[in-house]
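K.L.:
Sequences and hints are given; from them, build the entire structure.
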Amino acid sequence: MWPTELFGRPLLPTRSFSMIRQSFFERNLRYLFPLPALIFVVVLMVFPVCYTFFLSFTDWSLTSGKPLNVVGLKSYFDVLKEPRFLEALGRTFYFTFGAVIVEMILGITIALILNRAFAGKGVVKTLLLLPLVATPVAIGIVWNLFYDPTIGILNYVLSVMGLPQSGWVSETKSVMPSLILVDIWQWTPMITIIVLAGLAGLSSEPYESAKVDGANARQVLFKITLPMLMPTILTAVILRAIDALKTYDIIYAMTGGGPGYSSENLNILAFKYSFEYFRMGQSAVMLVFLFIVVMGFSLGVMRLRRAFEL
Amino acid sequence: MFVVLLVLLCLTVSVFAQGTAEQAKPEIRVLLANHPYGELLKTKIPEFEAQTGIKVNYESLQESQLTNKLTTEFATNSSTVDVFMTRPLQEGLMFIKNGWYKGLDKYDFNDYPSNSVDIGRKDGVAYIVPLVTEWQVLYYRKDLLKKAGLTVPTTFAELEAAAKAMNKDGVAGFASRGKGAAAVTQLSSFVYNYGGRYLDGGKAVFDSPEALEAIRFYGKLLGNYGPQGVTSMSWENIMPVFQAGKAAMWTDASVFYGQIVDPSKTQIPASDIGIAQLPRGPKDDSPFIVVSWGMAMSAKTKNQDAAQKFLDWATSKELAKEGMLTNITMARDSAWADKEVRAIMNPGLVETQAHAAKNGYPFDRPFMSSVGQARDLIGEVIIESINTKGTSTKLPALAAEKAKAVDDLLKADDEYGKL
Numbered sequence: 009m010w011p012t013e014l015f016g017r018p019l020l021p022t023r024s025f026s027m028i029r030q031s032f033f034e035r036n037l038r039y040l041f042p043l044p045a046l047i048f049v050v051v052l053m054v055f056p057v058c059y060t061f062f063l064s065f066t067d068w069s070l071t072s073g074k075p076l077n078v079v080g081l082k083s084y085f086d087v088l089k090e091p092r093f094l095e096a097l098g099r100t101f102y103f104t105f106g107a108v109i110v111e112m113i114l115g116i117t118i119a120l121i122l123n124r125a126f127a128g129k130g131v132v133k134t135l136l137l138l139p140l141v142a143t144p145v146a147i148g149i150v151w152n153l154f155y156d157p158t159i160g161i162l163n164y165v166l167s168v169m170g171l172p173q174s175g176w177v178s179e180t181k182s183v184m185p186s187l188i189l190v191d192i193w194q195w196t197p198m199i200t201i202i203v204l205a206g207l208a209g210l211s212s213e214p215y216e217s218a219k220v221d222g223a224n225a226r227q228v229l230f231k232i233t234l235p236m237l238m239p240t241i242l243t244a245v246i247l248r249a250i251d252a253l254k255t256y257d258i259i260y261a262m263t264g265g266g267p268g269y270s271s272e273n274l275n276i277l278a279f280k281y282s283f284e285y286f287r288m289g290q291s292a293v294m295l296v297f298l299f300i301v302v303m304g305f306s307l308g309v310m311r312l313r314r315a316f317e318l
Numbered sequence: 452m453f454v455v456l457l458v459l460l461c462l463t464v465s466v467f468a469q470g471t472a473e474q475a476k477p478e479i480r481v482l483l484a485n486h487p488y489g490e491l492l493k494t495k496i497p498e499f500e501a502q503t504g505i506k507v508n509y510e511s512l513q514e515s516q517l518t519n520k521l522t523t524e525f526a527t528n529s530s531t532v533d534v535f536m537t538r539p540l541q542e543g544l545m546f547i548k549n550g551w552y553k554g555l556d557k558y559d560f561n562d563y564p565s566n567s568v569d570i571g572r573k574d575g576v577a578y579i580v581p582l583v584t585e586w587q588v589l590y591y592r593k594d595l596l597k598k599a600g601l602t603v604p605t606t607f608a609e610l611e612a613a614a615k616a617m618n619k620d621g622v623a624g625f626a627s628r629g630k631g632a633a634a635v636t637q638l639s640s641f642v643y644n645y646g647g648r649y650l651d652g653g654k655a656v657f658d659s660p661e662a663l664e665a666i667r668f669y670g671k672l673l674g675n676y677g678p679q680g681v682t683s684m685s686w687e688n689i690m691p692v693f694q695a696g697k698a699a700m701w702t703d704a705s706v707f708y709g710q711i712v713d714p715s716k717t718q719i720p721a722s723d724i725g726i727a728q729l730p731r732g733p734k735d736d737s738p739f740i741v742v743s744w745g746m747a748m749s750a751k752t753k754n755q756d757a758a759q760k761f762l763d764w765a766t767s768k769e770l771a772k773e774g775m776l777t778n779i780t781m782a783r784d785s786a787w788a789d790k791e792v793r794a795i796m797n798p799g800l801v802e803t804q805a806h807a808a809k810n811g812y813p814f815d816r817p818f819m820s821s822v823g824q825a826r827d828l829i830g831e832v833i834i835e836s837i838n839t840k841g842t843s844t845k846l847p848a849l850a851a852e853k854a855k856a857v858d859d860l861l862k863a864d865d866e867y868g869k870l
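The listed protein sequences derive, respectively, from chains A and B. The first sequence begins at 9 in this note's numbering and counts up one residue at a time. The second sequence begins at 452 in this note's numbering and counts up one residue at a time.
Note that these hints are calculated values from the structure, not bench results. Heads up, the beta-carbon is just placed ideally off N, CA and C, and yes, glycines get one too. One should not assume that every hint holds.
According to the in silico footprint, chain A covers these stretches of chain B (three or more CB under 8 Å from chain A) [to be verified]:
hint: 1; segment: 671-680
hint: 2; segment: 690-704
hint: 3; segment: 824-837
P.N.:
Right, dumping it as structure tokens:
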């Protein structure tokens, strides 16, 4: 038998009302502690997404001066009929694939080169970080100065080398590659840094056994390093691709979607529809499509990862 | 739990207490544009505060951001703005329609040209006080013109000949906006001088033969003699080109005169820069002259008296005169009649204003609620014309297609055939 009293006082308190309440909190602590974070997510993330879905079923347009009506899928049909939307959708993929593929190749290559001891490695790594910390609008303005066909440095360099000049961002045919180049310049270092971190975490044992087995450098790279890095690389691809699909700042600062509509991606087009045309319903439809694209892409890559057991 | 409630209670009480304490001194929120007149107001606001005891919280924004901010605040019903600068031709109709402006029944509009007030009027109620007017002018390089043995062009034919003659040695013969939607305002005077219009009786007519001729001429000039990459250039890209001496002529709004003769910004001596009216066209001589900026009061203002006082002060005769003395072209008649002003103002500005005020047309864009989208649609036609140097065979079909699209916008906004 356990003692229930000590020096004439009960060892276990009697269950008063406040104790019941206290135990309610205690019993539900695991729900209560994450509650602030949950409220934050619901208010700032779930609500806007749901509201955008709701708006996509309305005809809300500020230029008409009328209150919004729920019109079902009409806005969806209107948007799908709009050639500008389909072009922007195509451009969103063009920009993303163009930028991310080059960034991955360059980023991994640079990381492999940097992944050995050499004098000044710390300095090089710091320099690599610079494009990442610069603000996109400032980057856009500086690159616009480089790209200026009349007074820009790039055309000057081309003319000195005796090469034909380009219109860069001011011509329809060269605007997308020029924008992709800026994205590559800015974001390749991020891939490099992620891959460097991945390389640092690799176990040295497979390399030792490869050495014993007499594997050459190429075999080590393609049979050991890259396969072991795959999870890191896929994570980098997801992060970069989601960002590239949603690119807004650089394009807005550099071309505003022009010349004409030739550098509009989904985000820029949706912005124009809401803040220049004030057609909120149609803009919401475009954002719903962007949401589906980003979501679909992320889920796809994650499934791929699971399928290959990476 | 009780502690949390107690803290909340204390916070609420303190907020209310703050509210009552500050009510003693009226406070208003004012949104200004990054425009020379907005800058002038900012320097004068402390004087207004000292005179009236009203505290003015102002914010200064770039023009499209200003529209975005106002629209977002008004549309979500969360606005605390009392007075703001506004662009009558760009957002006036939409703001009036949504009931975001307060009717200005107490304001004395006698000192303004009546057509400038009419743009911000609906059903007899005026909503916008005109602030600044702009008209289309031609800036040119006197030295280059002299070297080419030419005089200032007065017709479109002479304009083309001058552009051709001066288009050499890395200098563009002629510059004007080529960036789709932005170019619509500069093209407008060309359309008028060819006898065309963007809208007529609330219907899109920019696919008429007259308007098409103007669009072709504009594309021919810019395609042949314009700076490289002109289809992505608005005024902010062309001004540095002109200031760097890389363009012989430039047509845009009168508002930029001060900046292109400012020796700290321009590499060309001011004595080599001339200003003239836009040459006359085959049918007409009618450049745009518009109210580019106005001032209005929010329908939701909670401090109507203070807001009215600020509006009266910010649009006063005295400040209009101060604006004129710093080369801002104000809308008030009295400011133009002032002797002191006339003695100081550049004669080129005075002359071109007099010409535009007499012959000009008070719109530089399709005047409709969906003006943003309509400008993009017309912009597509302009870019096609520039890219083909005015020779495109697709132009009539393209213009007709875009005119239909603009008509659809007018119909959707219930404005078709009504404006």
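K.L.:
Okay, the segment 671-680 of chain B and chain A, do three or more residues pass the C-beta test at under 8 Å?
P.N.:
Holds: 3 residues of the segment 671-680 of chain B have a Cβ under 8 Å from chain A.
K.L.:
Is the listed coverage of the segment 690-704 of chain B by chain A valid when you require three or more residues with a beta carbon under 8 Å from a beta carbon of that chain?
P.N.:
Result for this restraint: holds, n = 4.
K.L.:
Do three or more residues from the segment 824-837 of chain B put their C-beta atoms closer than 8 Å to C-beta atoms of chain A?
P.N.:
holds (count 5)
Consistency note: the structure conflicts with none of the earlier hints.
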